[in-house]
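Residue numbers (my numbering), protein chains in the order written: chain C, 1 to 355; chain F, 1001 to 1367.
Think of the hints as simulated: they come from the structure by calculation, not from any bench.
Among the clues, some could well be false.
What the hints assert, rightly or not - The following label-pair restraints were derived from C-beta to C-beta distances:
{"hint": "1", "chain 1": "C", "residue 1": "R119", "chain 2": "F", "residue 2": "R1050", "range": "25 to 31 Å"}
{"hint": "2", "chain 1": "C", "residue 1": "L101", "chain 2": "F", "residue 2": "L1299", "range": "49 to 55 Å"}
{"hint": "3", "chain 1": "F", "residue 1": "Y1061", "chain 2": "C", "residue 2": "S100", "range": "50 to 56 Å"}
{"hint": "4", "chain 1": "F", "residue 1": "V1139", "chain 2": "C", "residue 2": "T106", "range": "37 to 43 Å"}
{"hint": "5", "chain 1": "F", "residue 1": "P1084", "chain 2": "C", "residue 2": "L297", "range": "39 to 45 Å"}
Ideal Cβ placement from N, Cα and C applies to all residues, glycine included.
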Amino acid sequence: LFSVAGSLEKKRLEELRVGVVAGPSESEINAMTGLIPMTMGKLPAWAVQRVSRRHEKLIQAALFLCAALSVLTTAAIILVLLGNAVYAPGARNAFFEQVSLWDFLTGTHWKPVDGPAGRFGIIPLLSGTIMVAVIASLVSVPAGLGAAIYMSEYAAPREREFLKPVLEILAGIPSVVYGFFALKFITPWILKPALGFLGLELGTFNALSAGIVVGIMVTPLIASLSEDVIRSVPRSLREAAYALGSTRFDVSVRVVVPAALSGILAAFLLAFSRAIGETMAVVIAGGQQPIATLNPLRGAQTMTSFMVHASTGDSAADSISRMSIYAIGIALFAITLTINLISGWILRRYREVYQ
Amino acid sequence: MSEPHPPAEPKVAEPKVAEPKTAEPKTARPKVSFISGGDRYIRNRLMLSRVFAWLCRFATYSALAILVVLLAAIIYSSLGRLSPDFVTNTNSTSPIKAGILAGLWGSFWLILFTAMFSVPVGVGSAVYLEEIAKDNMLVRIIKVNLANLAGVPSIVYGILGYTVFRTSAAAIAELFDGKHVIGVLGLFKVRLSKLPIYEDNILVGALTLTLVILPTVIAASQEALRSVPGSIRVASLALGATRWQTIWRQVIPAALPGISTGVILSTSRAIGEAAPLIMLGALTYTSMCPGGIESPLELLTRPSKLMQAPLDQFTAMPIEIYDWSKQPDARFTAVAASGIVVLLVVLLSINSVAMIVRHFASRRLKW
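Pulled out of the complex, with its shape left as it was, chain C reads as follows:
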């Protein structure tokens, strides 16, 4: 194998010699290519390796299986959720065999107990989830976008190198830690005094503190995704705006952000769906009361915190409160998937293309 490449090189050098009078001689060429001429014998044993075509194909097939595993995972998720909610194999009763879809979607009471007392309306859980996610967005959208603009438009490279790890650390702190922070610090030390000053009553478990920490958690996501799209806005756009007498505010808000708007919107949506799926912080700080309310000062149960609550309870595996996990799981999966798909669609559809 070596000698083939070598002989090509040799040929080129020989051609060179034809053109140039004082080109390298035959022996010099051999020295330069550093190879034994083809005719002199076989390649040394180490250089010869039989490669079986089948072996190669086998490896590729194995790698393909690895990649296909992700499709299998999605299929399994859908199958498991639908399987146990719509039609359960074996002796178990599927959730929607016992509760009608209409009652599930429109009911305003959530009381997952067996027997006639059970009420299965998703509205209370949905309102809790959306409340937490909206509070989280109110925190994270201005903070994340502001941080993205600051890091891409204002910060010096050194400052940016210092700030970026800070955001990465904030993103890497586990959810339980934020839950603890909300329950034991934000609620008693910040929100209670502040709201007490305004004369408002705040529960120990409340959606407000949960929403705030979830907002803190998703801020780095918005910041880094938005910063990426903002940085991809070409420099010429900024320079043109400065040349027309714009201030930095004008450049950031009227030129750069509109140019990157699709990416920023996609980042917001992604963060919103992350906030909806956020579990441990909400479980710890948000409380476990499924009430259809939009009052963030009270405890609220989200879809995720219900799932944790139901699975830590001591109800039997085939009880309806267990089976309701699958129904809520479908709702959660469908909502987050829809938002993610919309986010991806916005990114593709409205991307500004620059040369």
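Given chain C's structure and the hints, the job is docking chain F onto it.
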């Protein structure tokens, strides 16, 4: 933190009125200082710009402030309990005695097996998608699917793990309860020995966590593979290497620092994951380390326990922290905070390994 940006509208209307005004005095007054001069419109605009810059700076630095406050609050709360015996004790109902040893070992085993499952599959998928796959329908489906899997809440994987992995483990456990007899080829019968397999064992937890982090591992490995210059592949192929030889001997070694950094970072995410494990029914209260191994020395001295550990029940650090946080007894606050300190120290040390790898790799490789 939640201040909105100053709206852009108020100043929009002004220029039409202000501009002719500013144009006239220019001829009369030769010196126009934009900062201190009488030009109100420009001064307002500059002011707005400066206020906006400060708001953005405030938003960015509030992240730093929150991080500092968070760490300070946790360390302050942990002062009552954090001591060496917190790391050597297992859980207890008494806040004075409760320690994190069982969670530490549980997390160790979980991460060991999660890494063992997710690294080959994750890197393999990335290699397939980046190096081998042609752009056909199937590959596009896989890519779209991966992007969507990354956005699935981790608790949903917990449901999957509970239904699929835990049920399978329960079936296997039932098979090995010491009562089942199976016939081998109709020739003789074998009574299956009794094995201590639990349905909520470490392997079930690790498989579930593998599914949680797999999209991240794949994305990180893809990123690393993409940063290997094409010339390396072309050179290797031109020398007659096959595609797999090129991948195995050139591309993967060149991408290894990037891959290992990404893999370490995404595996460290799994350490903090509690939701899927709780869905599996991992024990919130246990004082037992998997396999009964309580010190690193026992890993070497008692090999029989090693075999048992993966099939044992477990708890993990974030689960214990969750359990302590929701205890009504206020003294458990310090216990939970101490647990968080240990968890963060573990995370920090793992991440610093990744940083070191990245640092040395970026010094060595130059292209």
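Each hint, compared with the structure:
{"no.": "1", "hint": "C:R119 / F:R1050: 25 to 31 Å", "verdict": "56 Å, violated"}
{"no.": "2", "hint": "C:L101 / F:L1299: 49 to 55 Å", "verdict": "53 Å, holds"}
{"no.": "3", "hint": "F:Y1061 / C:S100: 50 to 56 Å", "verdict": "53 Å, holds"}
{"no.": "4", "hint": "F:V1139 / C:T106: 37 to 43 Å", "verdict": "42 Å, holds"}
{"no.": "5", "hint": "F:P1084 / C:L297: 39 to 45 Å", "verdict": "42 Å, holds"}
The structure shown violates just one earlier hint, number 1.
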